[in-house]
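Starting from the given sequences, assemble the full structure and let the hints guide the process.
Residue numbers (this note's numbering), protein chains in the order written: chain A, 0 to 971; chain B, 3 to 88.
FYI, nobody ran anything at the bench for these hints, they're computed from the structure. Treat the hints with caution; some may be incorrect.
[Said to hold, decoys possible] Calculated cross-link-like contacts (lysine to any residue; reagent style SDA-like; alpha-carbon spacing at most 20 Å):
no., chain 1, residue 1, chain 2, residue 2
1, A, Lys-806, A, Asn-631
2, A, Lys-858, A, Pro-648
3, A, Lys-592, A, Glu-809
4, A, Lys-669, A, Glu-777
5, B, Lys-48, A, Asp-679
6, A, Lys-309, A, Asn-334
7, A, Lys-902, A, Gly-875
8, B, Lys-67, A, Leu-727
9, A, Lys-421, B, Asp-79
10, B, Lys-67, A, Ile-725
11, B, Lys-67, A, Gly-706
12, A, Lys-244, B, Cys-8
13, A, Lys-273, B, Ile-80
14, A, Lys-770, A, Ser-802
15, A, Lys-272, B, Asp-15
16, A, Lys-375, A, Asn-487
17, A, Lys-272, B, Thr-77
18, B, Lys-67, A, Trp-711
19, A, Lys-147, A, Ser-528
20, A, Lys-664, A, Thr-687
21, A, Lys-575, B, Ser-17
22, B, Lys-7, A, Arg-270
23, B, Lys-48, A, Val-718
24, B, Lys-35, A, Ser-859
25, A, Lys-272, B, Ser-17
26, B, Lys-67, A, Ile-707
27, A, Lys-379, A, Leu-364
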Amino acid sequence: MTIQRVNKDNKNAISFYWNGKLLKGKKGDTLSAALLANNKLFIARSFKYHRPRGITSSGVEEGALVTLGKNASTEPNVNPSTTELYNNLEAFSQNAWPSLYFDFGYILNFLSKFFAAGFYYKMFIGIPPFEWGKGTSAWMFFEKYIRKIAGFGKASRQKDPSDYDNLNSFIDILVIGSGPSGINAALSASKAGFDVMLVEQDFELGGNYLNHQNKHKLNLLKEQLLKYHVKLKTRTTAFGIYDDKCVALVEKFDPSQISKNKIRQRLHICRAKKIILATGAIERTYAFGNNDLPGIMTVNAGKSYLNRYKILVGKKIIISTNNDSVYETALELNNAGANVVILDARAQLSNSQNNLIKNSNIRLLLNTVVHRALGKKCVKLVETAKEKNSKWQKSIRINCDCLLISAGWSPVIHLAAPHSEKPVWSHEQACFLPGKNNQDIIFVGSAAGIWNTLNCEKSGNIVNENKLNQKSEKNSVLPLFQTPINNNKSKNFVDFQHDVTISDIKLAHQEGFTSVEHLKRYTTLGMASDQGKNGNIIGLAIMGSALNKEINEVGTSKFRPPYTPVTIGALASRNKDEGFKLMRRTPFHEWNKTKNCVMIETGLWQRPWFYPFESQKLEDASCNEVKITRKNVGICDVSTLGKIMLQGPDASIFLDNIYINSFSKLSVGKARYGIMLRDDGFILDDGTVWRISEDCYLITTTTNQAGIVMSWLEELSQVRWPDLQIHLTSVTDQWAGCAIAGPKSRKVIEQLAINKEEVSDENLPFMGVKKLKIETIECLIARISFSGELAYEVYIPSDFANSLIEKIWEEASNFNGCLYGSEALGTMRIEKGHVGGSELDGRVTVDDIQLNKMISKKKSFIGNTLRLREGLIKPGRPRLVGIFPIDKNSKFKSGGLLYTSEKISGYPIGWVTSATYSPMMGHYIGLGFIENGLDRSINEEIILIDKLKSIKIPVDIVSPQMYDPEGKKLNV
Amino acid sequence: MLFIKCPYCGERDESEFHYGGEADISRPEEPSKLKDIEWGNYLFMKKNTKGIFSEIWSHSSGCRKWFRVDRNTVTNDIIRVYEINK
Numbered sequence: 000m001t002i003q004r005v006n007k008d009n010k011n012a013i014s015f016y017w018n019g020k021l022l023k024g025k026k027g028d029t030l031s032a033a034l035l036a037n038n039k040l041f042i043a044r045s046f047k048y049h050r051p052r053g054i055t056s057s058g059v060e061e062g063a064l065v066t067l068g069k070n071a072s073t074e075p076n077v078n079p080s081t082t083e084l085y086n087n088l089e090a091f092s093q094n095a096w097p098s099l100y101f102d103f104g105y106i107l108n109f110l111s112k113f114f115a116a117g118f119y120y121k122m123f124i125g126i127p128p129f130e131w132g133k134g135t136s137a138w139m140f141f142e143k144y145i146r147k148i149a150g151f152g153k154a155s156r157q158k159d160p161s162d163y164d165n166l167n168s169f170i171d172i173l174v175i176g177s178g179p180s181g182i183n184a185a186l187s188a189s190k191a192g193f194d195v196m197l198v199e200q201d202f203e204l205g206g207n208y209l210n211h212q213n214k215h216k217l218n219l220l221k222e223q224l225l226k227y228h229v230k231l232k233t234r235t236t237a238f239g240i241y242d243d244k245c246v247a248l249v250e251k252f253d254p255s256q257i258s259k260n261k262i263r264q265r266l267h268i269c270r271a272k273k274i275i276l277a278t279g280a281i282e283r284t285y286a287f288g289n290n291d292l293p294g295i296m297t298v299n300a301g302k303s304y305l306n307r308y309k310i311l312v313g314k315k316i317i318i319s320t321n322n323d324s325v326y327e328t329a330l331e332l333n334n335a336g337a338n339v340v341i342l343d344a345r346a347q348l349s350n351s352q353n354n355l356i357k358n359s360n361i362r363l364l365l366n367t368v369v370h371r372a373l374g375k376k377c378v379k380l381v382e383t384a385k386e387k388n389s390k391w392q393k394s395i396r397i398n399c400d401c402l403l404i405s406a407g408w409s410p411v412i413h414l415a416a417p418h419s420e421k422p423v424w425s426h427e428q429a430c431f432l433p434g435k436n437n438q439d440i441i442f443v444g445s446a447a448g449i450w451n452t453l454n455c456e457k458s459g460n461i462v463n464e465n466k467l468n469q470k471s472e473k474n475s476v477l478p479l480f481q482t483p484i485n486n487n488k489s490k491n492f493v494d495f496q497h498d499v500t501i502s503d504i505k506l507a508h509q510e511g512f513t514s515v516e517h518l519k520r521y522t523t524l525g526m527a528s529d530q531g532k533n534g535n536i537i538g539l540a541i542m543g544s545a546l547n548k549e550i551n552e553v554g555t556s557k558f559r560p561p562y563t564p565v566t567i568g569a570l571a572s573r574n575k576d577e578g579f580k581l582m583r584r585t586p587f588h589e590w591n592k593t594k595n596c597v598m599i600e601t602g603l604w605q606r607p608w609f610y611p612f613e614s615q616k617l618e619d620a621s622c623n624e625v626k627i628t629r630k631n632v633g634i635c636d637v638s639t640l641g642k643i644m645l646q647g648p649d650a651s652i653f654l655d656n657i658y659i660n661s662f663s664k665l666s667v668g669k670a671r672y673g674i675m676l677r678d679d680g681f682i683l684d685d686g687t688v689w690r691i692s693e694d695c696y697l698i699t700t701t702t703n704q705a706g707i708v709m710s711w712l713e714e715l716s717q718v719r720w721p722d723l724q725i726h727l728t729s730v731t732d733q734w735a736g737c738a739i740a741g742p743k744s745r746k747v748i749e750q751l752a753i754n755k756e757e758v759s760d761e762n763l764p765f766m767g768v769k770k771l772k773i774e775t776i777e778c779l780i781a782r783i784s785f786s787g788e789l790a791y792e793v794y795i796p797s798d799f800a801n802s803l804i805e806k807i808w809e810e811a812s813n814f815n816g817c818l819y820g821s822e823a824l825g826t827m828r829i830e831k832g833h834v835g836g837s838e839l840d841g842r843v844t845v846d847d848i849q850l851n852k853m854i855s856k857k858k859s860f861i862g863n864t865l866r867l868r869e870g871l872i873k874p875g876r877p878r879l880v881g882i883f884p885i886d887k888n889s890k891f892k893s894g895g896l897l898y899t900s901e902k903i904s905g906y907p908i909g910w911v912t913s914a915t916y917s918p919m920m921g922h923y924i925g926l927g928f929i930e931n932g933l934d935r936s937i938n939e940e941i942i943l944i945d946k947l948k949s950i951k952i953p954v955d956i957v958s959p960q961m962y963d964p965e966g967k968k969l970n971v
Numbered sequence: 003m004l005f006i007k008c009p010y011c012g013e014r015d016e017s018e019f020h021y022g023g024e025a026d027i028s029r030p031e032e033p034s035k036l037k038d039i040e041w042g043n044y045l046f047m048k049k050n051t052k053g054i055f056s057e058i059w060s061h062s063s064g065c066r067k068w069f070r071v072d073r074n075t076v077t078n079d080i081i082r083v084y085e086i087n088k
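Right under this line is the structure:
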């Protein structure tokens, strides 16, 4: 192998590490270019057969993959041909053990018959003739070994240390691609006064101009771009176009500038009024024997490495082609000192091509293609095939150290595909051209099938409307997808990244796969990280010839975003760690923290869980809180409850429509517990409704359902009953709420009120509501109870929450009170048999929780019809009950299943929804549902089984009102 | 992502909106007189139109108003956006 730099100066040298070894490259190199300049051509092992893989291209269609970085910064499966070289870059070859040159996995190359298309599926069916290994057990056994040897690079399990950013923008015209057509499109639009952004995936502007020997024209155009204020973004890939011309871009920052704590990539969502796709075309190869040998690459890669990176890829170069695009390159390579042989599949050349090479010593063989390449870790010899009298036969062998292939060009039409009609196969040009679209997406340059540079530049003049409907030009190309002679001795690759060969596709055809989408999934053709940019069309053509169809009849599998791989980090951008979701804090949050409060996440809320004394554990602390509350008084932050202000002359009618019970007769200054159903008759939510004035109500909802209920009520008022004169306002954040519960709660309130009489049993009876001034602040107070004690809920305007809670706490402390959190709140409501979120799980009816006495028979309300469906009222439905363990020392948790002792397996007769240790009872208690509820025979033995926690205990079924069933404590 | 012109707030990104399904589903006047099957149809049976489809959207991260949209379900083009009662 004799690759070398043409200019051997040491300017702009930078160092990098390849498999741990220090090498020198140059600024402006890609990793591939730097590896080639160091004579490292063989850089990877292939996916399935561990065959040596070399650099195959100079762009996104690269067949060899590497791993970048170490430890947490590892990035596997990176395309070295688009990776910008920077100082101290570390890169590694992947899928090889113990080393790249000596890899045990290569043995798979000789066992390839066992790993043909559909290998995984066949493993499940079993190996004939006895279907040995049928089912999943053999697969389970082999899987871990297969996964180990077949595969790509390994991702790090550590957290990605980099930061990612996101950005939204709007633009008149977005030009994607900065080649001859793209730059000119951006300029013409900008000159016409449009706001234009030009994005380029490469780290340098210019596209195909960069591969030209003369950069004069490019430099002039770059000056113009600056002069006309075109927004330029390099290292930016447009990876998807979505509805309404919304383009997703990922912008990589200059890797040499990124220090550890800076942003690495940015996800950029851009809305454009028009999108210009100047995305160019990708040169194809074709399938022949050992076409994956290192040293075989595209002609364009040879041109790019020579003119852009000043690297001559070989001394004895063979070029195999079926089109005109290679002749200029052949001459350039020849002038740079290489010995060039051209094999052209066509029978004759145009005069212009002949003239180009006439005066050089380039050897031209017409009617000739490559049949097989030979060599071990690099191509050494090429066997050709020649057409004579319309028959192909083996012909001469030629020595070489590099083989460049051009089997035609495929326009990059990926981005527009989701918004366009099917791509159209052009037989003359042997490529798919873009289908029509109605999304203002315009193709220019070679993406539209326009081939020579001058015409591409002209097609960029997008402002002149007449030129928009340019027809693609005729191109002299002879379709060539595979070697014309059958070649079973060596592998003929179609997809380099996934090791798919001609025989895999033929096998898939033999086994009955005829649709391209099935072919793709069965053979995994085009499913690697390059998404078949090189191999798909070859695969389609081979499938077509097996089916005796044209490619346009076979069709192409759908192009989907992303165009090139995008890191998950960029997609997540700022939505990670604390930024992953919103956090809601109650107005008392800061104050709670000063009281040693432990918080728990409830939806988005941070809610007080328990207030440990010193290092108390959860259960000790919460039991203490229950005991003090039930004995003296406790204060609980209930700000997370949803609060909705309902106003308007029709407010009562609205409430009657949504609740099962009646509200129109609720008098001002009173509250009522209400249940609302969904249209299908199940319970949606429960809460209290406070009548503040004749046409003003405060609705409270549960914490979890607050958002859902608000949206639901808004939809009802705007869509279903637009004629009702009501107005809904969410006031959850405007009011801080605290419950004051316990036998001494009235005493606390009396101290807070200006006049004690205001809150006497007479003036503020059970379910009474009134406005109450605490200090000078007007608050709302209702005498309602979730704990079962004499209790009040006080709503304080949020701005005054922290100062007033201090005052309330001061008074409560005087009565030996405590603060209690959601754990103690839960314990007390379970003791009372009050339903909570775990009971009202969306599958429960009013009858199930035995509150059907609440249902008003005089009105119609949402859910009233379907709650009476046959299955929902049939006798025996599970109903709410309380659960006591028979052995008072046994513990259980929610989620346990209930059985009778006669049948303790299979479908249960009930389940536990909530469980807690009850300090008042002195043992564990629970709420749950069981068939027939309390009507079950008392003599029956019920067993609670929780297999996850290895619990199996006998229990008693009791009334859900386990503590103070008569409700005496409400009125002490 | 669609670009939707809320009749109250102007053009905004689809991510600010919530989809509400088919428009013009009116609630039966006297639900208790309907048979189960009629209720079932009202609640669950929705059209799946190919072509121009009238639907309702809510600007849930904006003005929280519901409004109507006529959208071509094939091309995703929005033909008309208007207030709920018009």
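Worksheet item: Which hint numbers doesn't this structure obey?
Response: none
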